[in-house]
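Bring the two chains, given one by one in their own frames, into a single complex with the hints.
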Amino acid sequence: MSERDASGPETADTAADADGRLTRPAEDRPPYVESTIIMTTVRVIAPFVLTLGVFVMFHGASSAGGGFQGGVIAATTVVMLGFAFGIEPIAARLRNYHLAGLVLSGLGAFLLVGFGGYLLGGTFLQVPAYEALVHHGSKYSIEVVEIGIGVIVAGVITGLFFLLGTGVDTAREATEPGSEDG
Amino acid sequence: MTPVEYLAAALVIGGVFFGFVATVGLLRLPDLYSRLHAASKSDTLGSVLAIAGTAAALGLTTESMKMLFLVLFLFLTSPTAAHAIARAGKEQEVDPVGEEAAWRDEDGGEAR
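These protein sequence lines map, in sequence, to chains A and B. The numbering of the first sequence is our numbering, which starts it at 1 and goes up by one. The numbering of the second sequence is our numbering, which starts it at 1 and goes up by one.
For reference, chain B alone in the conformation it holds in the complex (with noise of 0.2 Å):
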């Protein structure tokens, strides 16, 4: 193996690595913010992690070109659909588990 088949191989495992980490904290974790925390965080960094990979292994081609749009828009667009996903919560009174609420008083209670 060449050193670039190693870094693509090192690139794809630890996009394997975080991609699992996204998985349990989604099924292990007790209500929405902190599963989608979870999910957002780690599971971005996976798939940029694990195309990244791909990219490395395709090398200077017009595929890796695509692979690199990919990566781009992947980090634009997964945070902001958490954002989004956050907010729609919060707009439906979705409470998070732990402190009853305390995030919505601070709001002055004006939900809805």
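Pulled out of the complex, with its shape left as it was, chain A reads as follows (with noise of 0.2 Å):
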């Protein structure tokens, strides 16, 4: 019933772990065995989750919702395909710096946004101030501002979540040059 040597998707080798990622190499992890429904099941939803949380991440300035619940709803996604196809050989297509890459860019959006606003001759994070810039200006730097939120949650969600699901020890690659993000 259960196939023991299944070795989940094929990733590649990863010869050395200096190159940022959360991961073993591949003959170091537990063995890992999957189940046909729980990744039939995750194929299915994972389009509709993810669609959901940016749903929750636009609508968030108008009604219920918002970033951070949005961000966490995306990030479930990915938690989703790491219970299907086991967290290493997902967490081993993810380098540390995709991670930070989202979290700076929300960061980025967010500062933009907030210091957008002294240029159009406000303060930090005037939205109203767009107005003169574009049509329904406060609304749409509000979602730039939600969406900012959003991404910053799911890539926090997820480089945790990876963190916890590989066990990887940190403490001995934070001793290594080259590996200063997390």
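No lab work stands behind these hints, which were simulated from the structure alone. If you're wondering where the values come from, they're calculated on a predicted model, not measured in any experiment. In this text, a Cβ means the ideal position worked out from N, Cα and C, and glycines have one as well. This list has only true hints and no planted wrong ones.
Some but not every residue of chain A turned toward chain B, in silico, with C-beta under 10 Å:
id, residue
1, V33
2, V42
3, I45
4, F83
5, A84
This is the structure we're talking about:
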């Protein structure tokens, strides 16, 4: 019934772990048993969950929801993929700088909107000033802020999940040169 | 009350009943697998019935369509989650109460 030797989706061979991955080499990982039921369900559900997350992110400015909730829902997609296909094979596809780039781009979007208020003659995050630039400018700028928050939350949740789920000894990696982000 | 409201009330009461059954099973049954059995089956049915009752009360609106999608996804995800929990329990060699690890012998004792 259970194929214990199933090695999961084939990943690129992790020769060196100095390139910022939260995974061990494939031969060091504990055996992972696939389940057809879970994989099939996740394949069906995952696009809907990601769509819902983005929807909640976009909708947050005008109704219930928002960047935090939408980001968590979007990150749930990655968590589900990890449960279905094994956490480390999924984590092997993500470098640390992918997640750091995600978080930093969200922060950048927030700061851009925030300091853009100064450029338009207002104060920090004074979104009504954007009305002079675009029609419904305050609405759109709030949307950008919400998406920025959502991207930050999704990146942080994904990173935390991989840190906890892979069980990689990060204390060992921290002593190695060239792995400064986490 | 209109017939639709009677239907909605009956569905919600049925949902409450199955939710109660799930709670009693979760509290009273002895081990992981039987508790999972009680919680997953009757809790899925209970919440689906309650949501269906709400959808019936709302009539043909956008909200009731959302409720129908909720029912669909609950029927997809809830049994899968129960399956995943049961698999994880077996992987971690959580023994059922009663027949002492009878199911593990047929596996050839190859756990871990």
